[in-house]
Amino acid sequence: MAARHIAPDTPELRERWGKFAFDAETKAKADWHIAKYPEGRQKSATMPLLDLAQRQVGRETDTQGWLPLPVIEYVAAFLDQPVIRVLEVATFYTMYNLEPVGKFHVQVCGTTPCMLRGSDDIIAACKKRGMKSGHVSDDGLWSFTEVECMGNCATAPMVQINDDNYEDLTAERLDAVLDALAKGETPKAGTQEPGRRTSEPANALSSLKEMVTENHDYRGEW
Amino acid sequence: MPKVTVDGQEIEVPAGATVLQACELAGKEIPRFCYHERLSIAGNCRMCLVEVKPGPPKPQASCALPATEGQEIRTDSEMVKTAREGVMEFLLINHPLDCPICDQGGECDLQDQSVAYGRGASRYHENKRAVTEKTMGPLIKTIMTRCIHCTRCVRFSEEIAGVDEIGALYRGEDMQITTYLEQAAKHELSANVIDLCPVGALTSRPYAYEARPWELKKTMGIDVSDAVGSNIRIDSRGREVLRVLPRINDDVNEEWISDKARYQVDGLTRRRLDKVWIRKRGKLVEASWDEAFKAIAKAKPGKSIAAVAGDMLDCETMFAAKALLKASGSSLIESRQTGMDYDVSNLAAVNFNSGFAGIEEADAILIVGSNVRWEAPLVNVRLRKAAKRGAKVFIVGPAWEPTYPATFLGDDVSVLSKLPKDVSAALKAAKKPAIILGGGGFAAGAHAASVKIAHDFGMVKDGWNGFNALHMAAARMGALMLGFAQVGGIADIAKAKPKVLLALGADEVDFTKFADSLKVYIGHHGDKGAHAADIILPAAAYTEKPGTYVNTEGRVQRGDKAVFAPGDAREDWTILRALADALGVDVGFDSFHELRAAMFADAPALADEGSIADYGALATSVKGNAAPKGTIPAPIKDFYLTNPIARASAVMQQCSNELLLGEAMAEAAE
Numbered sequence: 001m002a003a004r005h006i007a008p009d010t011p012e013l014r015e016r017w018g019k020f021a022f023d024a025e026t027k028a029k030a031d032w033h034i035a036k037y038p039e040g041r042q043k044s045a046t047m048p049l050l051d052l053a054q055r056q057v058g059r060e061t062d063t064q065g066w067l068p069l070p071v072i073e074y075v076a077a078f079l080d081q082p083v084i085r086v087l088e089v090a091t092f093y094t095m096y097n098l099e100p101v102g103k104f105h106v107q108v109c110g111t112t113p114c115m116l117r118g119s120d121d122i123i124a125a126c127k128k129r130g131m132k133s134g135h136v137s138d139d140g141l142w143s144f145t146e147v148e149c150m151g152n153c154a155t156a157p158m159v160q161i162n163d164d165n166y167e168d169l170t171a172e173r174l175d176a177v178l179d180a181l182a183k184g185e186t187p188k189a190g191t192q193e194p195g196r197r198t199s200e201p202a203n204a205l206s207s208l209k210e211m212v213t214e215n216h217d218y219r220g221e222w
Numbered sequence: 001m002p003k004v005t006v007d008g009q010e011i012e013v014p015a016g017a018t019v020l021q022a023c024e025l026a027g028k029e030i031p032r033f034c035y036h037e038r039l040s041i042a043g044n045c046r047m048c049l050v051e052v053k054p055g056p057p058k059p060q061a062s063c064a065l066p067a068t069e070g071q072e073i074r075t076d077s078e079m080v081k082t083a084r085e086g087v088m089e090f091l092l093i094n095h096p097l098d099c100p101i102c103d104q105g106g107e108c109d110l111q112d113q114s115v116a117y118g119r120g121a122s123r124y125h126e127n128k129r130a131v132t133e134k135t136m137g138p139l140i141k142t143i144m145t146r147c148i149h150c151t152r153c154v155r156f157s158e159e160i161a162g163v164d165e166i167g168a169l170y171r172g173e174d175m176q177i178t179t180y181l182e183q184a185a186k187h188e189l190s191a192n193v194i195d196l197c198p199v200g201a202l203t204s205r206p207y208a209y210e211a212r213p214w215e216l217k218k219t220m221g222i223d224v225s226d227a228v229g230s231n232i233r234i235d236s237r238g239r240e241v242l243r244v245l246p247r248i249n250d251d252v253n254e255e256w257i258s259d260k261a262r263y264q265v266d267g268l269t270r271r272r273l274d275k276v277w278i279r280k281r282g283k284l285v286e287a288s289w290d291e292a293f294k295a296i297a298k299a300k301p302g303k304s305i306a307a308v309a310g311d312m313l314d315c316e317t318m319f320a321a322k323a324l325l326k327a328s329g330s331s332l333i334e335s336r337q338t339g340m341d342y343d344v345s346n347l348a349a350v351n352f353n354s355g356f357a358g359i360e361e362a363d364a365i366l367i368v369g370s371n372v373r374w375e376a377p378l379v380n381v382r383l384r385k386a387a388k389r390g391a392k393v394f395i396v397g398p399a400w401e402p403t404y405p406a407t408f409l410g411d412d413v414s415v416l417s418k419l420p421k422d423v424s425a426a427l428k429a430a431k432k433p434a435i436i437l438g439g440g441g442f443a444a445g446a447h448a449a450s451v452k453i454a455h456d457f458g459m460v461k462d463g464w465n466g467f468n469a470l471h472m473a474a475a476r477m478g479a480l481m482l483g484f485a486q487v488g489g490i491a492d493i494a495k496a497k498p499k500v501l502l503a504l505g506a507d508e509v510d511f512t513k514f515a516d517s518l519k520v521y522i523g524h525h526g527d528k529g530a531h532a533a534d535i536i537l538p539a540a541a542y543t544e545k546p547g548t549y550v551n552t553e554g555r556v557q558r559g560d561k562a563v564f565a566p567g568d569a570r571e572d573w574t575i576l577r578a579l580a581d582a583l584g585v586d587v588g589f590d591s592f593h594e595l596r597a598a599m600f601a602d603a604p605a606l607a608d609e610g611s612i613a614d615y616g617a618l619a620t621s622v623k624g625n626a627a628p629k630g631t632i633p634a635p636i637k638d639f640y641l642t643n644p645i646a647r648a649s650a651v652m653q654q655c656s657n658e659l660l661l662g663e664a665m666a667e668a669a670e
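In order, the protein sequences belong to chains A and B. The opening position of the first sequence corresponds to residue 1 in the working numbering, with each subsequent residue numbered one higher. The opening position of the second sequence corresponds to residue 1 in the working numbering, with each subsequent residue numbered one higher.
Pulled out of the complex, with its shape left as it was, chain A reads as follows (with noise of 0.2 Å):
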């Protein structure tokens, strides 16, 4: 958390980011956003907008995306309201990237329940790879930070590389999904534990076993 800074306003920043705008793909979707609120509310929409310019960064740099200061002032200036309010939003919430990231950002999930399940091999492994909280790898591939509960607790442990979640992983699992994305492969979101769909439970129904069929009211039996 406290690792958070905006990148310093140099004038290598303003010279790569001073002349960014939306591109249509970008402003058509800003504008449907703009046009859920009402006349005169379009500051409403400063966090889809945010996001919106943090993934057209992305595409430009070929990584996940960040908000340079240039940006930031852009979405304010498109949005009519002061740049201080739109800065306070961008660092108050943590998906955005306040500072460069690499192509790939792995968010591993260091909370209680993951932590039981073995998040803490699945920081090694990211490690082994490069990878350090708040720094790019050489590569340029993997950006890394470790959170808080992203609520996968039944699938733990998890990480969250850029839109996807991975879960019930396990150093080689993690490894797979890793290679496969360097090699610019989309392997597979969510579980990644053999014959689990989803979040089913993972062995045999434990509980709710009324409720298999059909619906069961429990609460008599409290």
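In case anyone wonders, no lab produced these hints; they're calculated from the structure. Since we're looking at a predicted model, the values are computed, not measured. Glycine is no exception: its CB is placed at the ideal position from the N, C-alpha and C atoms. Hints are all accurate, no fakes.
Residues of chain B clear of chain A, computed beta-carbon distances all greater than 12 Å:
1) 3
2) 36
3) 345
4) 497
In silico DSS-like cross-links for lysine-lysine, where the CA-CA straight-line distance does not exceed 27 Å:
5) A:127 x A:183
6) B:294 x B:513
7) A:43 x B:186
8) B:298 x B:528
9) B:421 x B:388
10) A:43 x B:388
11) B:385 x A:43
12) B:513 x B:497
13) B:28 x B:81
14) B:294 x B:283
15) A:36 x B:388
Place chain B on chain A using the hints.
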């Protein structure tokens, strides 16, 4: 009107009141940090917790909870006491224990409330958070580790000042208050966040490490840096004014003052005239009072004596000068130094008739030649409120940056005689239309045209007078009430070729027109007026004499004397009284009391402190061209350097250099 019970005492509160306000009405003190009467409710400090039934069985933040019928509120229960102790303990977790070196010490909300509501000892042994300092310009000093994240400064700049520049970045423990990219706060009300800050995170940079609040003598004063007449408290120690703070007056300045009013006071100790000077063979040399008076008497002015009043004078000084001239048989008195000659036969036509509080209710406002942000920052705050309520604002004059939506109609004054259709439609449709005529408008000769517009669009009706003249000089309305105006302005005085010209703190006069007169400058700063003078008599500044001031809405206010004038300088009226003896005339008063009594007899409205003088109805027309032509000038070139005190002030110079010139230079470099 819901009825609630506060600590067993049943009271009726206005509809829409919060529980906190209900408790205050019942006379209970509710501790708070983030809540402020004039800002929106944030509810993030949690200090105002009280117990409310009906409701969840836990303490509730009273500032954000509406008072409803039948509520039972307790502010004295065990739950409330422990809740306050808990909140205070959390607030103090990351607050440094540096009160001995903190400038807020002695007037710190956190200090006071931790004594009153805290546990008395800390149980926290872990490391404290530290936050890097933020740059906020030459006026605001930041020590952000002390910040408790009440967001009062953020809300002030967004809601009152209308300049969104302070924000809270990051989240949770890492939250930091900063300006965008740590740029300096660049508006004319920026230093008010220092007063708002409940802790020592934002303190006054010029006043840093100067004094403790309990060492200071507090004197009630009136600000003279503009014509708003802001109510100020002058804090002095010994013979020096150390700082100026706003006093609350809802009719005038609410709770704010401009940066210039607050920080020009260091100019009171610089470039002061503290000795008598006489020009001999083209050079000013030190002299004694006696020599100076003899030199003036030697000129044998007789009836040929004139007086020009400066922009920061009190009414007493002007009346003393008027009495002196009257006793000499002259009526050559003038206050509009720069040579303006608008018609003053009807004072309602040169007054801010709707009042500052009244202008908030206007729903269509036409501003003629006034950069309100610079000429009267606190009136701009009112205009912003009006605009927020839906008022349409149109501006004729040079471009400036309003803090509310406004339409510029160009800087050609001829637009007044043929207003665009949408403007005239908006003014016609408005229930309370108003016109504000500023210094630029007067200079461009738009006076008669503006009065005509006021009548044409029904701006004067029962209970509403929308004709407003916005002056820039604190002395202007008082001077006009005392008759300090010639029909042809200062040109009439130049034409009369007076033998002696008394320049009473008058620095903006074109003295080349008075080449043959003996120019006597009675003032406090070695500025333009003193440079041109033949004899300089050192006088007192606004903090050094009691005085009556009339602001641009005609409100009569009095300030007290905080410190003595430096060196040989004397209060202005005593100088004029002594001069009367030297000239062998009788002015009819020997003491300040007699002077005031004579002044009240001359202008009875001046006796009525605090209220707005009655100038009668607005004249149907005033002298002047009703269809003026030409470009409206911008009278203020530099907000921070508009008067001799500010020009002598190092802080104001720095502001001008860094905030105004710095910007211009950066633009030129690009």
